[in-house]
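With the hints as extra help, turn the sequences into a complete structure.
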Amino acid sequence: MPNTILAIGEVSQGSLRKVSIEAISEARRIADHIGGSLQVLILGENLDAAAAKAAEYGADTLILADDPRLALYLPDIWSGVAADVIQTNTPQYVLIGSTTTGRDLAACLSAMLDAPLAMDCVGSRWEGDTLVITRPMYGGKVLADVTLEGSPRIIVNRANFFPAVPKKTDASLIRYEGVIPESQLTIADVQREASARPELTEADIVVSGGRGMGGADFSVIEKLADLLGAAVGASRSAVDEGWRPVSDQVGQTGKVVSPNLYIACGISGAIQHFAGMQTSKVIVAINKDPEAPIFTKADYGVVGDLFEVVPAMIEQITRLKSAQ
Amino acid sequence: MNIVVLLKQVPSTDSHIEPGPNGASIKTADLKWVINPYDEFAVEEAIRVREAKGGTVTIVTIGEAKAVEAVRTALAMGADKAVLVQDPACAGMDGLGIAQVLAAVVSGLAPDLIIAGQRAVDDENWLVPAAVAHRLGMPCISLVIGQQIDGDQIECRRTIEGGIATIRAKLPVLITTQRGLNEPRYASLQGVMKAKKKPLNTLKLSDLGLTPKTAAVRVLAMKHPPMRTAGKKIAGSTPAEKAAELVRLLHEEAKAI
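Protein chains in written order, with the working numbering: chain A, 1 to 324; chain B, 1 to 257.
No incorrect hints appear here.
Below, computed lysine-lysine pairings styled on DSSO-like, alpha-carbon distance capped at 30 Å: (1) B:Lys-233 - A:Lys-321; (2) B:Lys-232 - A:Lys-321; (3) B:Lys-232 - A:Lys-288; (4) B:Lys-32 - B:Lys-198; (5) A:Lys-297 - B:Lys-255; (6) A:Lys-255 - B:Lys-27; (7) B:Lys-81 - B:Lys-204; (8) B:Lys-233 - A:Lys-281; (9) B:Lys-27 - B:Lys-66; (10) B:Lys-27 - B:Lys-213; (11) B:Lys-32 - A:Lys-297; (12) A:Lys-223 - A:Lys-281.
Keep in mind the hints are simulated off the structure, nothing from the lab.
What you are looking at is a predicted structure, and each value in this text was computed from that prediction instead of being measured.
Here is the structure:
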């Protein structure tokens, strides 16, 4: 099929992920630019709600690989199914949201199909017929413009960079009937954290704590996070102290976040931490030390004890919310 | 147990990175070079597996002459031997090209277990380990925070979004590392002395029978992200006053809450 674009959607607890919706929107823009059609592939189990959501963002065709064997991500069988769909439909571009699963799947597909891959992209523009993609390197200290040669070109988009634009279409629905390969891996157990907070890399607001927290009790910033519907992050030193799990670490050797609002509490702002959050839209720093480097990069700086400032913020925001 | 570690030398994470004059790479003159932080976990885990199960730990890397320093550090930590592919043709390769070279070296080593960093903190591609595993026909388990080998079976705990999954597979397997897997050891003085005598084999692509794979990913230009500068210092004589002013500004000016 000429001029096909494929976006692969990922489902979390029954819903299409926000970063997947952003990938579908970017895929739609590429399809419109080249006069092509957009297919959306979703893998997993019980996908009808996610499929309906994908149809609101401009899919021409929805391909559902809906099977209990795909309920949990296993790299070999997911990439086997996705590669089959790609080989059948020969898309020019494949877009995938940058999540733990998305990055893993994209890497497998790149290897299987010998397809060029641009990971964690934060922007794109057309130069004539060439799509130039911007992606961070060196922990975001540098932005590189790259082009991909070959087919399909796999683009993995980082959350919160590509706008989600609703576009109602009458998507046709195809159920994947191809072979689901046997996996070389067996899932023995899955433990889920019972957290109502959004995923760190997708959250609109992130509240992070660092060495200034002084211990494992993060309740004051958790309370602020819950009030704002935010995710909780941590600096490397807070993780190294064992105060927070590794999965909370924001920085060059942790997660890179790009929220609308990043509130750094008791974080001095080492270059590695800054690399992980510098693309946040608004940065707030709360720190006792007026010389902390983070103040040189923060949009709003509060010199003060976070254990006094944050509770006062909670009170103010609660008042603000009840007035609305 | 034949264990292979895929290793890369990268600029240290506290480096200031400057795009170079050609715009497509960085200035390297004043950088401090280290083992990719995630590869340190790989070296440590490999040594622990060997200590428990016996066998050999082989470091495999691609790099320029200075990469020898990273290799010697890994040998000083306790790895047994190393292969360095040093060929100017490797400089222009993308992730798939690098994976082809690594796979060619590794396939000659017949490993039971390959351990690699989840990503290199320079190009941040997250691609090479999966591509090496694919070329070798091995399963790849990424982001491992704990592993246990029993006979020819491995059981790994890995992070998934919002939780932890336990995955089983039959060796040989490639696993990638995650912070929390272990605490990498420092090289002892004795280790440094011993490392000088450990075998280090330097190869060119022609020794592997490879012709360089043309890069399909091309870097056109590199630049710094927009500079961030200090914004407003929030005024107020008490924490409550400062908090009130901050919340007001976030609501009215930044419209962030």
